[in-house]
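Engineer: What follows is each chain in one-letter form.
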Amino acid sequence: MTSAIAQYSVEQFEPLLALSEDEVVTHSYVRDVALPSGGTLALVTIDNGRDHTRPSTLGPKGLLEFAAVMDEQAARAQRGEIAAVAVTGKPFILAAGADLSKVESIPDRASGKLMAQLGHYALGKLGELGVPSFVFINGLALGGGVEVALNADYRTIDRNAAAIALPEVFLGIIPGWGGAWLLPNLIGIENALKVVVENPLKNNRTLTATQAFELGMADAIFDSATFLESSIRWADDVIAGRTKVKRPNQPGKIERAVKWDAAIGIARSMLEKRIGTIARSPYVALDLLKAAKSSDKATGFAAEDEALADLISGDQFRASIYAFNLVQKRAKKPAGAPDKSLAKPVTRIGVLGAGLMASQFALLFVRRLQVPVIITDLDQERVDKGIAYIHGEISALEQKGRLHADDANRLRALVTGTTDKADFAGCDWVIEAVFEELSIKQQVFAEIEQHVSPEAVLATNTSSLSVEQIGAKLQHPERVVGFHFFNPVAVMPLIEVVRTPTTDEATLATAMVTAAGLKKNAVITADSPGFVVNRILAKLLGEAMHAVETGTPFEDVVEAQRHFGLPMDPFVLLDLVGLKVGAHVLDTHHAAFPERFFPSPALHELAEAGVLLEKDAKGNPKGIDKKAVAIVAKHRPAGSQPSTVAELTRRLEDGLADEIHRMLQEGVVSSPEDIDLCMILGAGWPFQMGGVTPFLDRVGASERVFGDTFHHPPIRGSH
Amino acid sequence: MYWGTRADDLIVKAMIGLLERNPNLPKERVDDVAIAATTQEGDQGLTLGRTAAILAGLPMSVPGYAIDRMCAGAMTAVATTAGGIAFGAYDVAIAGGVEHMGRHPMGGNADPNPRFLAEKLVSGDALNMGMTAERLHDRFPALTKERADRFGMRSQQKVAAAYAAGHIQPDLVPVALRSEQGYGLATMDEGMRPETTMEGLAGLKTPFRPHGRVTAGNASPLTDGATVSLLASADAAKELGLGVKMRLVSFAFAGVEPEVMGIGPIPSTEKALKKAGLSIDDIGLFELNEAFAVQVLSLLDHFGIDDDDPRVNPWGGAIAIGHPLASSGVRLMIQLARQFEQHPEVQYGLTAMCVGLGQGGSMIWENPHYRGGRKGK
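Protein chains in written order, with the numbering used here: chain W, 21 to 739; chain Z, 53 to 429.
Among the clues, some could well be false.
What the hints assert, rightly or not - Here's a subset of chain W near chain Z, in silico, CB distances under 10 Å, partners left out: (1) 50; (2) 51; (3) 57; (4) 61; (5) 63; (6) 65; (7) 111; (8) 246; (9) 248; (10) 249; (11) 522; (12) 525; (13) 529; (14) 670.
I should point out that these hints are in silico values taken from the structure, not numbers from a laboratory.
All values reported here derive from a predicted model rather than from experimental measurement.
Note that beta-carbon positions come from the ideal geometry of N, C-alpha and C, so glycine has one too.
Isolated chain W, as found in the complex (with noise of 0.2 Å):
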């Protein structure tokens, strides 16, 4: 076999230390092993010396000393000095990847490339040491953690592995370091397809040990206590021949001539489908795949090379790795929430309210806070639905195990249902999730306040109101804070907290502590029409509606805004949040920026008709119901002139930088960063987009409306 790695040197990677002076380098650690059957193993322990918290991560540094320690395992074993090389990680981890704090640092395409071949020439090396090599993964292994083991010869997982992963498409990368080539060789191409494509658009899913081993990923899983000695084992039965390792999942001739290219198509036309063509890093992943079919190790690594020096200098993984960290790190610290040591303590639930909404809070609170949960209505006949359903909910997770029956039985009990206010005494958290008019929220809140003690918190979730004005009429109006929730409430991560001019210190921080125990990520913002998620959709939903009551076809406007990549196109959205509720978001806006938001005429005459989308058997959408053209058509002002492609787009690329720009210098957020958690948390806008404004900046509407960008430098790639 001709070597994959012959094609690399050691020399030329020279220029990347410079870029890895700070590098936390991850050893690689030699001790050698007697096997039971005689002969010796060197094991490699991978450990970057810190604990746990700070996974290993292979940089530069790490890289070319695990390439040193594997020449000087070859050479021992040329001189027939060991039987074997085998790697494992450090306590519950074996490699997380490569370092992705250090990828602002590579400076061109030239210096990516260079990442990529580094990692083929180190970690290639186990399967070409002239003995036979091990991967004994104890623990995490993401990206790169993973292409160590898949480049060696034989592999065992730990039962209890924390997580096994190729993240790389999720972050706007492919797996570059081996996996692309080395996976469907060895677990078969739908198997590669669902580990390098499918898990990570999932919201970045991970596979259990257990099923890494199912797909053929290692080729013995053992329990922990043991593992290490279970797999020192096992890899002394394997060389000795007692053991013989059968890969089921290994393709084939027939999978290759039959099932290959077809499985490739197949994903593909999904993709298109689900995301659109955008987003680079799946199809480049899918591309790699496809020619992983039929081409040699080598060429197969040369071309992960350039496919990741491509990505890796681009625009969208850069706006990747933003988001990424906007994800993982701005959102666990909320930019200016009060210290927690303010937080009220919160031990008792009201809701006001026993509808759908109400009982999915209610639900939700009772499930992640395990307090008494009170829910109240108009009559005892709503109220006993509201509980009914919840109770009903419980029982399902019961039923799917998902909760055990002790637990069950515990939120049940938790969850109590009135139709007298006074009985809302001692709570000292509720919220109201009653119709959306003023005057009702501030009389219900007003209701409560005599019942509940001045310092409980009266947390609403309006969606268009002011938040200050339904605390308006309260005695204690300090106490009071929005709540923005997103739709399924269960599922949506982000929560828009809004401080009111009135609202105190220890309301805000009950409310970011209470948002944490629900497992949700908070953002503050401000009292302003539609907070942050909603203003912005408005503003892009509003252009789409004015565009095509002005004549612009229905698939112009879908053309226009098709390069932002979002996960559905403006009337999709808007069949989604439901038409009613769309209209009333424009009407919100238009009342609060009449001069920069459109009301829509057409949309309210749609949602009393019920008509937008044409959908197939199954409800996915197909394009646009006739009917619904036709009502548009009748409110088209006379005289109005249809927008080109061109022209919608910019303007809907203007309008957003504009409208974004000014929440900026109105306060409604303190940063850019928090405008684009919100969105990809509360909108589920793409990590290649950024969320929102490194987009912005890398098409130019930022400079073109004011003149500047939101992020100094712009986050764009080197290319």
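Starting from the structure of chain W, add chain Z where the hints point.
Structural biologist: Using the frame of chain W, we list chain Z on its own:
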């Protein structure tokens, strides 16, 4: 070697090894788990028998407890569970012990009652095991330093020979260990000194008194270790097809003055022999714990056995491979069982050990491989 390894992990790995080597045993058939440790705190605290059972993957239905009789912890675990079997309360039990002396130095956080000294219940020397060994030399002037050193040297040589012959390894459970050089695997005892000479021993310091006789060369070193054993009634062993290695005939514990704790095995052995209806001449193999050479020699002298009688510790003992307090009792059993296999001419064997604060423990075992007759010496 085990500085980075938890004590409870040591016993758990030993238990997993035991279960793997007895695949016929349905795990839910274990009626109890008794695990000994002298210092029951930190990673040796929290009711070791129960925690180790859970960590070793035994079903939650299997109970467990912790036990302590200092050096005879594991032996006592065997005695109590065997007693439970004899009474009919158990069919199958697991008994063992662990001591991580690196993490838990002897007497670590102990707080002896002041009455011991105020009322002269014991002398100040009684709590220092080295001092009690020196006192044995005082009491029995025939037990010279030279005899003790020679016994120590022989222990080193015999262990080395047994390792070389591969007698020891089959009963070991390899343990992964973490070090600054990365992970490794412990596959044999650490700290053995097969190159020991009488001259070398003569020059060692006597840490317990100036010009004393007890040295690091004729005493057991501080070590970390764990041992575990499977006990079953005759019926259960037959039903489950468990390979029978030894049959427990009798056991006994006895107390002596704490100042001379090393002679404890003498009365306990006499007691055990009496219970078994046997005499010392019936014992074909001796596994005596070598806490100190002098204390083994005192027993041999008492029973009129030569210092280098081949029946005594044929594979050496604790002076060479260490005495991780509460685990040693089962190590004696493990070696005796393996020797029984090799000596079908031997019918009975003895395991015995001294215990801090003036005690001794002895167990008499019958060889299931016994074919009768005698092989000439």
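Engineer: Taking the hints in turn, state whether each one holds.
Structural biologist: How the hints compare with the structure:
With a cut of 10 Å, the hint placing residue 50(W) at the interface with chain Z holds, because the nearest CB-to-CB distance is about 7 Å. Because the beta carbon of residue 51(W) sits about 4 Å from the nearest beta carbon in chain Z, less than 10 Å, this interface hint is met. Because the smallest distance between the Cβ of residue 57(W) and any Cβ of chain Z comes to about 12 Å, over 10 Å, the interface hint for this residue is violated. Because the closest C-beta pair between residue 61(W) and chain Z is about 8 Å apart, less than 10 Å, the hint holds.
Against a cut-off of 10 Å between C-beta atoms, the interface hint on residue 63(W) holds, since the closest Cβ of chain Z lies about 6 Å away. Among the interface hints, the one on residue 65(W) holds; its C-beta lies about 3 Å from the nearest C-beta in chain Z, closer than the 10 Å criterion. Taking 10 Å as the C-beta contact cut-off toward chain Z, the hint placing residue 111(W) at the interface holds, the least distance being around 7 Å. Nearest Cβ of chain Z to the Cβ of residue 246(W): about 5 Å, under the 10 Å cut. The hint holds.
At a threshold of 10 Å, the smallest CB-CB gap from residue 248(W) to chain Z is about 4 Å, leaving the interface hint in force. The interface hint given for residue 249(W) holds, since its Cβ lies 5 Å from the closest Cβ of chain Z, which is under the 10 Å cut-off. Because the closest C-beta pair between residue 522(W) and chain Z is about 52 Å apart, greater than 10 Å, the hint is violated. Interface hint status for residue 525(W): violated, as the beta-carbon distance to the closest one in chain Z is roughly 43 Å, over 10 Å.
Checking residue 529(W) against chain Z: minimum C-beta separation of about 38 Å lies over 10 Å; hint violated. Given the 10 Å rule on beta carbons, the hint for residue 670(W) is violated: about 59 Å separates it from the nearest Cβ of chain Z.
Of the hints listed earlier, those the structure fails to meet are numbers 3, 11, 12, 13, 14, in rising order.
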